[in-house]
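Chains as they are written, first to last, in my numbering: chain A, 1 to 159; chain B, 1001 to 1406.
None of these hints come from the bench; they were simulated from the model. Predicted model only: the values in this text are computed from it and were never measured. Glycine included, C-beta positions come from ideal geometry on N, C-alpha and C. Careful, some of the hints might be misleading.
[As the list claims (entries may be wrong)] In silico DMTMM-like pairs for lysine to aspartate or glutamate, Cα to Cα no more than 25 Å straight-line: (1) Lys1051(B) x Asp129(A); (2) Lys1071(B) x Glu66(A); (3) Lys1188(B) x Glu1292(B); (4) Lys107(A) x Glu1242(B); (5) Lys47(A) x Glu1224(B).
[Claimed, not checked] With the Cβ distance kept under 10 Å, some of the chain B side facing chain A (calculated, not the full set): (6) Gly1057; (7) His1060; (8) Lys1065; (9) Glu1068; (10) Lys1100; (11) Leu1101; (12) Glu1224; (13) Asn1228; (14) Leu1231; (15) Val1241; (16) Asn1249; (17) Gly1337; (18) Asn1357; (19) Phe1372; (20) Leu1375.
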Amino acid sequence: MTEKLHEFVEKLKEENAAWVTDVIAAFDEVTVIVPRESIVDVCWSLKSKHGFDMLADLCGADRGPEEEPRFEVNYHLFSTTHYSRLRLKVLLSEDEPKVPTVTTLWKTADWHERETYDLFGILFDGHPDLRRILLPSDFDGHALRKDYPLRGYEPYSMN
Amino acid sequence: MSTAVENIPSQFEVMDQSLESEMTLSMGPQHPSTHGVLRLDLRLDGELVVKAIPDIGYLHTGMEKLFEYKKYQQGIVITDRMDYLNPLGNNLAYVMAAEKLLGLEIPERAQVIRVLMCELQRIASHMVWLGTSALDLGAMSVFFFCFRQREKILNLIEAASGGRMTPSYFRIGGLMMDLPAGFDSRCKQFSADFPEALDTFDTLATGNTIWQSRTKGVGVIDKEEAINWGLTGPCLRGSGVELDLRKVNPYTGYETYDFDIPTETDGDVWSRYKVRMRELNESHKIVRQALERLKPGPIKADAPKVVLPDRDDMRKHMDSLIHHFLIVAEGFNVPAGEVYMPIEASKGELGVYMKSNGGPKPERVHFRGPSFVNLSALPVMSEGEMVADVVAIIGSLDIVLGEIDR
Chain A
1 MTEKLHEFVE KLKEENAAWV TDVIAAFDEV TVIVPRESIV DVCWSLKSKH GFDMLADLCG
61 ADRGPEEEPR FEVNYHLFST THYSRLRLKV LLSEDEPKVP TVTTLWKTAD WHERETYDLF
121 GILFDGHPDL RRILLPSDFD GHALRKDYPL RGYEPYSMN
Chain B
1001 MSTAVENIPS QFEVMDQSLE SEMTLSMGPQ HPSTHGVLRL DLRLDGELVV KAIPDIGYLH
1061 TGMEKLFEYK KYQQGIVITD RMDYLNPLGN NLAYVMAAEK LLGLEIPERA QVIRVLMCEL
1121 QRIASHMVWL GTSALDLGAM SVFFFCFRQR EKILNLIEAA SGGRMTPSYF RIGGLMMDLP
1181 AGFDSRCKQF SADFPEALDT FDTLATGNTI WQSRTKGVGV IDKEEAINWG LTGPCLRGSG
1241 VELDLRKVNP YTGYETYDFD IPTETDGDVW SRYKVRMREL NESHKIVRQA LERLKPGPIK
1301 ADAPKVVLPD RDDMRKHMDS LIHHFLIVAE GFNVPAGEVY MPIEASKGEL GVYMKSNGGP
1361 KPERVHFRGP SFVNLSALPV MSEGEMVADV VAIIGSLDIV LGEIDR
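So here's chain B without its partners, still in its complex pose:
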């Protein structure tokens, strides 16, 4: 800074030289742009970030411990509360891990509904990301447009499961219940309206020069570094790695759907933004395909010892009543062994490591949260950037602290 400014009132001190020592700034845990209770220890030289140290654990609730004390079917409701923006993805990873241990075959209709609901949830999750990361960069109106779309999806999820944020809709062996009457027409209505909303977002943000200059070239991470730091999901695809678990390790029949993997090569906030925006389009494509595939059929696997019987059967058949009682009172035994079940959640690879000792309660459940790993790479992305850009980078990582702290 030069002393060219003249006529400065005497009460203001003019700093003529750079700071001799670094300044430490504690950002968070209640900072609105840290998306939850994240604290960053920023070592600053002026406005430049010299070192960033994330401090997490403010939301730790010991969920992995709790799983060990709950029966397998009771664990599903805990998963809702991890990544609370993508609860159906968490449900899916958890129930699929248990299904892999049990060796269950899931009927076609249940698979299609799972794909449909997960893609709707992915759109809802990306809506929160777009709204909040735009809000962080000062674009207020995007937030309202995004939450309007998210509200429509939450209403659909509520219609199907009864819960907006905590659906627990997927159960081991199938679904909680079938879709309500009229669901597909409501879903088709949403699907017909959504492209217009996508155009609005493009007008509001993508073409906006302020938006572009705030995001381009900020928080760069290259391909090798991204793999080394274990980044997954849109953050990895923004660095030019064409990797989507729905394609490379397909599950729930994703291999039969037609969709592309959006990839960008620059590895900055802008690339991650563009990947997610194009992903919204791909998810919308999958939603439309899944809606066409909805055919009547069973929604629960044929496994009476694991899947709760229909209410009606319980009144007529003694064995259904017995099975119901045993599942609720004692749970079901799961064969001993261990599995790692990775799925492509809205934020990246969500892996569930589940270890069974043969009893009705798991011996160990570990969630590999994509936010946890993506956040660990924040220092490498933000060092050398300005403080205001750290906010943009956190927004582009799309973290949820409920999943990080578990």
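Chain A extracted, bound-state conformation:
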């Protein structure tokens, strides 16, 4: 299973060596670390040339305030023709948590990116409607960041 995924990674590297920073293979899954500025190009190439036509999931992760780079955005790509799964990962620093949107390629990214913005405060450049989705619009802070306390800063009231 993973050999096939490594072939896709090799093809990506051939196309543009700058697209792939690192490749991690673990637990029968392949993760490709992609620089922030080329994520849209890599997604476009995988979607149009290598059959990864579905974005199964997009989620953020926080490694903790003392880590550098602090944030991760994970793209779980899936193919409805050869049924492979590939994970792309973009690493972001706390000072500039910004990544270009992939809503231009997959409409499903809309809500996933809004959720990631809502809970992590990661900004998606070019997103058509980047506002909070799960939490109220006047909510303070980003709840899934590691430095956000479990019970919040103060009791939230809906008034």
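Take the given structure of chain A and dock chain B to it, following the hints.
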């Protein structure tokens, strides 16, 4: 509208021309046909939907945050409360993600029971979908027939796990406990009676001309759009994509069962209805096969540091007692790494992204809920339809807000 109607009493105002401006209708969050606390902002031109904007988050309880503060085994009970119509599916996705990180081998009997319970749960989930979506379209009696069948399944789940809606039956490394005595005969009884119930549903709904005219050609989404919007499960198969993760990314031994993937090509509410109705049949087939495969054997993996020991062993062996204490008090360490574990839940692809930093608590758990993604495609399906059809489309998506808002 014409002014052909005559003799209108003077107290009634007759609207002769179309509205100059759009009307905004806030549908929900307490609207019974939104299946939970979903609010839709509908921009209407008369009865036509110009724009539909779903507003979610009313049921957000911060579950993904809570996972990070709980040990791996404590997270299982949180998953029950996400898609509360398919809790065993959520349990399965969560425990399989942890098992993938731990590299556990699950014994044969536990695998068969997992398949059996998940398929029963899928039937129960589809029963709620059929009952409620029929209720939305005004067919009341279907609801009672569906809930009668669902009740039988919930009784079976309760017999096995002790919980009707929140079973938490699957544990990391196996099952909570073995099936109770007499379970398979009760299950066989259900399995023998179910085909008759399926016939009843066909008589009540499938052959009903009102049902057909309310669903055919409504809420159409084509194949390319469906993939682009990330639809999965019956919604995707209703648009003509033959994709079922039980076949293409098999887990828990699904590759050894004989079943088909029902597919329809029209992409409307009727297609999604037919796919789910045929899926009930396929799930029933898997239940029967799993019942035949139930052989005595262990139900927990051989991993004393992860799986709780038997009560009896704890009285006799010191090391079992120590392991029990350590698992309960401190939890078990899971190797660092990240996995994405997708399963075919009753509503579509349920994916669990789990990231471990090597400790007893996960660093990040993310649930890719099928309802969340399927609902995001509601605007594209409902724009240009009538208000009453929006209700039919929501019913056909089979959403559960507990999973969407998490």
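The hints, checked one at a time:
A distance of roughly 15 Å separates the Cα atoms of Lys1051(B) and Asp129(A); the hinted pair therefore holds under the 25 Å criterion. For the suggested pair Lys1071(B) and Glu66(A), the alpha carbons sit about 23 Å apart, so the restraint of at most 25 Å is met. Taken as a hint, the Lys1188(B) and Glu1292(B) pair is honoured in the structure, with Cα atoms around 10 Å apart against an allowance of 25 Å. About 21 Å separates the Cα atoms of Lys107(A) and Glu1242(B), which keeps this hinted pair within 25 Å; it holds.
Using a Cα cut-off of 25 Å, the hinted pair Lys47(A) and Glu1224(B) holds, with the two alpha carbons roughly 13 Å apart. A cut of 10 Å between beta carbons decides the hint on Gly1057(B): the least distance to chain A is about 4 Å, and the hint holds. A least Cβ separation of about 5 Å between His1060(B) and chain A falls short of the 10 Å threshold, and the interface hint therefore holds. Hint on Lys1065(B) holds. Least Cβ distance to chain A is approximately 6 Å, under the 10 Å limit.
Because the closest C-beta pair between Glu1068(B) and chain A is about 8 Å apart, less than 10 Å, the hint holds. Nearest Cβ of chain A to the Cβ of Lys1100(B): about 6 Å, under the 10 Å cut. The hint holds. The criterion of a C-beta within 10 Å of any C-beta in chain A is met by Leu1101(B), whose closest approach is roughly 7 Å, and the hint holds. Checking Glu1224(B) against chain A by beta carbon gives a least distance of about 9 Å; that is within 10 Å, so the hint holds.
Interface restraint check for Asn1228(B): the shortest CB-CB distance to chain A comes to about 5 Å, inside 10 Å, so the restraint holds. At a threshold of 10 Å, the smallest CB-CB gap from Leu1231(B) to chain A is about 8 Å, leaving the interface hint in force. Interface restraint check: Val1241(B) against chain A, minimum CB-CB distance 6 Å, threshold 10 Å, status holds. Interface hint status for Asn1249(B): upheld, as the beta-carbon distance to the closest one in chain A is roughly 6 Å, under 10 Å.
Evaluation of the Gly1337(B) hint against chain A yields a held restraint, the C-beta minimum of about 5 Å falling below 10 Å. Hint on Asn1357(B) holds. Least Cβ distance to chain A is approximately 9 Å, under the 10 Å limit. Hint on Phe1372(B) holds. Least Cβ distance to chain A is approximately 7 Å, under the 10 Å limit. Taken as an interface hint, Leu1375(B) checks out: its beta carbon lies about 8 Å from the nearest beta carbon of chain A, inside 10 Å.
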